[in-house]
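Line by line, the protein sequences give chains A and B. If you count the first sequence from 1, position 227 lands on 227 in our numbering, and the numbers rise without skipping. If you count the second sequence from 1, position 304 lands on 304 in our numbering, and the numbers rise without skipping.
Treat the hints loosely; a few may be bogus.
For each label pair, taking beta carbons as the anchor points, the in silico distance ranges come out as [to be verified]:
no., chain 1, residue 1, chain 2, residue 2, range
1, A, Pro-375, B, Glu-411, 46 to 56 Å
2, A, Thr-378, B, Ile-468, 51 to 61 Å
3, A, Ile-289, B, Asp-377, 55 to 65 Å
Over the 10 Å line for every Cβ pair with chain A, so calculated as not near, a few chain B residues [said to hold, decoys possible]:
no., residue
4, Thr-32
5, Gly-54
6, Gly-130
7, Ala-146
8, Pro-150
9, Val-284
10, Val-344
11, Asp-355
12, Tyr-370
13, Gln-403
14, Gly-409
15, Pro-439
16, Ala-456
17, Ile-468
18, Glu-487
19, Gly-488
If you are wondering where the hints come from, they were derived from the structure by calculation, not from laboratory data. The beta-carbon is built from N, C-alpha and C at its ideal position, and this holds for glycine as well.
There are 2 protein chains.
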Amino acid sequence: MTDRLHSFTLGDVTRDNARTFPDLEALVCGDTRLTFPEVDDRVTRTACLLRDLGVQPGDRVVWIGLNCHRLLELIYACAKAGAIATPLNWRLKPDELAWIVEKVRPAVVIASAREELAEANAAARAAAPGAAWVMHDDGSYEARLAAVDPVDPELDLDDEMPVLQIMTAAFAGRPKGALLTSKGIVQQDLVLAAVRLIDPGDDVYLSSGPMFHIGVLLKTFAIFHWGGKNVMIPRVDADEICRLVDAERCTSAYVFAPTIRQMVESNGDGRYDLKSLVDTVGGVPPDDIAGPWFAMTSCAPPRFTGTIGYGTSETVGMVTFEYRPPAPIGTFGRTSPVVALRIVNQQGAELPPGDVGEIIVRGPQVMAGYFDEAPMDTKGWRHTGDLGRREVDGSITFIGPNQDMVKTGMENVYPAEVENVLRDHPAIADACVFGVPDPEWGQSVRAVVESSGDLAEADVIDFVRARIAGYKKPKSVIVVGSLPRVEGRVDRTAVKAAHGA
Amino acid sequence: MTDRLHSFTLGDVTRDNARTFPDLEALVCGDTRLTFPEVDDRVTRTACLLRDLGVQPGDRVVWIGLNCHRLLELIYACAKAGAIATPLNWRLKPDELAWIVEKVRPAVVIASAREELAEANAAARAAAPGAAWVMHDDGSYEARLAAVDPVDPELDLDDEMPVLQIMTAAFAGRPKGALLTSKGIVQQDLVLAAVRLIDPGDDVYLSSGPMFHIGVLLKTFAIFHWGGKNVMIPRVDADEICRLVDAERCTSAYVFAPTIRQMVESNGDGRYDLKSLVDTVGGVPPDDIAGPWFAMTSCAPPRFTGTIGYGTSETVGMVTFEYRPPAPIGTFGRTSPVVALRIVNQQGAELPPGDVGEIIVRGPQVMAGYFDEAPMDTKGWRHTGDLGRREVDGSITFIGPNQDMVKTGMENVYPAEVENVLRDHPAIADACVFGVPDPEWGQSVRAVVESSGDLAEADVIDFVRARIAGYKKPKSVIVVGSLPRVEGRVDRTAVKAAHGA
Chain A
1 MTDRLHSFTL GDVTRDNART FPDLEALVCG DTRLTFPEVD DRVTRTACLL
51 RDLGVQPGDR VVWIGLNCHR LLELIYACAK AGAIATPLNW RLKPDELAWI
101 VEKVRPAVVI ASAREELAEA NAAARAAAPG AAWVMHDDGS YEARLAAVDP
151 VDPELDLDDE MPVLQIMTAA FAGRPKGALL TSKGIVQQDL VLAAVRLIDP
201 GDDVYLSSGP MFHIGVLLKT FAIFHWGGKN VMIPRVDADE ICRLVDAERC
251 TSAYVFAPTI RQMVESNGDG RYDLKSLVDT VGGVPPDDIA GPWFAMTSCA
301 PPRFTGTIGY GTSETVGMVT FEYRPPAPIG TFGRTSPVVA LRIVNQQGAE
351 LPPGDVGEII VRGPQVMAGY FDEAPMDTKG WRHTGDLGRR EVDGSITFIG
401 PNQDMVKTGM ENVYPAEVEN VLRDHPAIAD ACVFGVPDPE WGQSVRAVVE
451 SSGDLAEADV IDFVRARIAG YKKPKSVIVV GSLPRVEGRV DRTAVKAAHG
501 A
Chain B
1 MTDRLHSFTL GDVTRDNART FPDLEALVCG DTRLTFPEVD DRVTRTACLL
51 RDLGVQPGDR VVWIGLNCHR LLELIYACAK AGAIATPLNW RLKPDELAWI
101 VEKVRPAVVI ASAREELAEA NAAARAAAPG AAWVMHDDGS YEARLAAVDP
151 VDPELDLDDE MPVLQIMTAA FAGRPKGALL TSKGIVQQDL VLAAVRLIDP
201 GDDVYLSSGP MFHIGVLLKT FAIFHWGGKN VMIPRVDADE ICRLVDAERC
251 TSAYVFAPTI RQMVESNGDG RYDLKSLVDT VGGVPPDDIA GPWFAMTSCA
301 PPRFTGTIGY GTSETVGMVT FEYRPPAPIG TFGRTSPVVA LRIVNQQGAE
351 LPPGDVGEII VRGPQVMAGY FDEAPMDTKG WRHTGDLGRR EVDGSITFIG
401 PNQDMVKTGM ENVYPAEVEN VLRDHPAIAD ACVFGVPDPE WGQSVRAVVE
451 SSGDLAEADV IDFVRARIAG YKKPKSVIVV GSLPRVEGRV DRTAVKAAHG
501 A
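So that you can see chain A by itself, here it is in the shape it has in the complex (with noise of 0.2 Å):
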């Protein structure tokens, strides 16, 4: 039953904000230049035609194109449809495309006329012959939109329906599709603000990442509820993102190491103003352009230090901040106050601080579920599947990835948390850590390390024993000239069946 008294949906968002700030800039991109009103009435067009396809409450609508102001109004445009919204990765091979878009059946697909994309919509046309299809930026779209009688829908919905799907990275296997709601973005919007990530002011971000990832779209979202302005750029590119943070005098811009490389040596004439710069969302520049990048912007400590928190994409992002002095001892920072969060066990039992455990947490940001999967039970937690610690002080550390968990004896032993140790070893480039069977113990820690010097195993071994609980030490140690890797990560599977597992 919905409850639409007590909700604010992201439908809401747009609404009020064309009545709260009637004369403000949204969106920017390219020469389109939009107010709130303005972006509210082109929402609700969106929604009209969306309804006009035949797009009905829970249907998904897939987008398969750059970054584009079109984008956001579509999410929030399924927000009034009831609808949910499902950018793609356009960066997919064909044939991954066309796997996601089989298996979300959407009702209808925005896609880009680029000739680049030719070759994933057409994939993605079979896999899904019953969708209506337009195209955004060969003019149709635009068409459309002025050809519609622009009446805000006002379905009865509530904030607790799926808004936007986002597809997980394919950990193992094929991706999974996490349905957020409207309650879980609104809430992180609040939470942004709340713990000074974004000013509830005069704000302007540049969407400088893909949107297709909750870590941009989360701040997109933010800066749009609270008045703000975002500007859109397709995608990455580091002279147009200097000549925008210039021309729109941009607050913050999603840049991370690269791409701040790339921003030094393009702008290195000064020719573009980067001074109201003082935010990367996370991009740290690496030593050696770090003074000329500070002197070029207003990013320099103390205003941004690089961290910003743990999170996933079930959960609209980050569920730890670093927010409140003094400060903590969990890289991580500390949790949400939106977010419960424990550290358990493989029983599930709350593990005291200091200990390794998979994180679980609960809270308005937790995805609905996994489309096409059974529903959460809501009694329960949500279990990421990702190890971390709680420090003494109440703080949180993220550890990796909860993979090959080794049983040696009594003890679980996490290989993240010992692959983390070594790749801190100077002459360790990376590492991969796994249980190999031991008549005693059950299981025993094996290291294979990537590294071009020599090495004594018996050296590494008390390097981590130095470190960490002597059990979760390697007992064996393999030194290998470099690891096998599949689309940059190390392939676990090749190691542990090249070196005994």
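Given the coordinates of chain A, assemble chain B onto it according to the supplied hints.
This is chain B only, laid out in the frame that chain A set:
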């Protein structure tokens, strides 16, 4: 059906704060100083005590007493037990109190053994013969808490259940019980931090207003939620407020103009250092003591402007705030980011900016309903009964309560608006406006004004006509030396009876 997975209740606030802020002090009350884990332990013990006294989910637990840390613990304990905390105004006359207690039918009453409350307690006891009764300040309550085996009940409760009942002012007849939910209170906790009314850091708040009012409690809740410190004081006492601000380095306190005057007098010799104080939650010093007050504290503008916003008990307090540049035209700021707000006419149709109408709201802060009345229409809006205006920049001006609307011809005139104008007249101390029968227009506007001077009717009418629409001006003006009052408010019924409504 409860949804614990997506809930964050007041019970979760104290559970998680015990883990996140294990070393921080949460509450100071007299000689009692409690950390977050100590508070959570006491909250659990209180929940167990309530259970042992027979409290079931949905039951009411009444508090009769002055401000005390035990009241705050009781509210969080009710969240863990599924009960509804109902703090009563201990200044009410015994029969008023008895009327409320009889209506509320509490399972448990937690009362004060202070001599001054003996008569009130006796009346309440007679009105609730079935209730269990515990005195919280004679040692018996602490003995019972100490005897409990503190196991958190961890009931299957969600955040849409009522947890706090606030008795509203008795504008029309008898008070009503507004049932506030965990969800609503948690939302307000986030919003207060996001709009910078509290700092998620070392804020220290002196709860120096009566904690049976949501206007006091909402800040107490938010400070607790964000890991700050709440300092309790039983009742308003200017010298003790000065002493506590100094001793605890309070950053904010709930004080109005009369208390500010007493503090300036009490601390004339400067024996207390009040420089930590930056915020008085709405209290503004009268002009003649602004100089010494600003010199004595850190409350001088621009840090504090005196404007906070518009709110009601039924919405966990404020639904508008000053929070985003540029400065708003509306004197009550902008709508909260999780409140949908409309200005509507009597038919419920939205009015354009500039027009006065009723304020209606929707969102998670809206109460679950009034105790023992029909449930609210979950497809509808909360009608506040208050009048407001949206300004052309989207901001909000609160006009006053919608009492005695005058229908003159086709026009609606709201007395509150006309009275506000009249009070701006230099020779008018107060005013009461209402409709009187008019053969031509149905009703016409009459003003009864309080003045010690010589006032010409025509001048008063001209004064109003110069400021608001002509149809709103009084057609007749009656000057009186003083208006009749009840509890400080103008007694409109008596004025109308005497002057011919």
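Against the structure, the hints come out as follows:
1. For the hinted restraint 46 to 56 Å between Pro-375 (chain A) and Glu-411 (chain B), the CB-CB distance of approximately 55 Å keeps it satisfied.
2. A hinted range of 51 to 61 Å for the beta carbons of Thr-378 (chain A) and Ile-468 (chain B) is consistent with their spacing of about 53 Å.
3. A hinted range of 55 to 65 Å holds for the C-beta pair Ile-289 (chain A) and Asp-377 (chain B), which are about 60 Å apart.
4. Taking the minimum C-beta to C-beta distance to chain A, about 22 Å, the non-interface status of Thr-32 (chain B) holds against the 10 Å cut.
5. Taking the minimum C-beta to C-beta distance to chain A, about 25 Å, the non-interface status of Gly-54 (chain B) holds against the 10 Å cut.
6. The Cβ of Gly-130 (chain B) lies farther than 10 Å from every Cβ of chain A, with a closest approach of about 32 Å, so its non-interface assignment holds.
7. Listed as a non-interface residue, Ala-146 (chain B) keeps its Cβ farther than 10 Å from every Cβ of chain A; the least gap is roughly 25 Å.
8. Even its closest Cβ contact with chain A, about 16 Å, leaves Pro-150 (chain B) beyond 10 Å, as expected for a residue assigned away from the interface.
9. Every CB of chain A is more than 10 Å from the CB of Val-284 (chain B) (nearest about 24 Å), matching its label as outside the interface.
10. Remark: the non-interface label on Val-344 (chain B) is consistent with the geometry, its nearest Cβ contact in chain A lying 13 Å away (cut-off 10 Å).
11. Against chain A, the non-interface label of Asp-355 (chain B) holds: every CB pair exceeds 10 Å, the least being about 13 Å.
12. For Tyr-370 (chain B), the non-interface assignment is confirmed: its Cβ lies about 14 Å from the closest Cβ of chain A, beyond the 10 Å cut-off.
13. Taking the minimum C-beta to C-beta distance to chain A, about 25 Å, the non-interface status of Gln-403 (chain B) holds against the 10 Å cut.
14. Listed as outside the interface, Gly-409 (chain B) is consistent with that label: its C-beta sits roughly 30 Å from the nearest C-beta of chain A, beyond the 10 Å cut-off.
15. Consistency note on Pro-439 (chain B): stated as away from chain A, and its beta-carbon is indeed over 10 Å from all of that chain's, at 41 Å minimum.
16. The beta carbon of Ala-456 (chain B) is kept farther than 10 Å from every beta carbon of chain A, the shortest such distance being approximately 42 Å.
17. The claim that Ile-468 (chain B) is not at the interface with chain A holds, since no C-beta of that chain comes within 10 Å of its own (minimum 23 Å).
18. With 10 Å as the threshold on Cβ separation, the claim that Glu-487 (chain B) sits away from chain A holds: the shortest Cβ distance comes to roughly 32 Å.
19. The beta carbon of Gly-488 (chain B) is kept farther than 10 Å from every beta carbon of chain A, the shortest such distance being approximately 33 Å.
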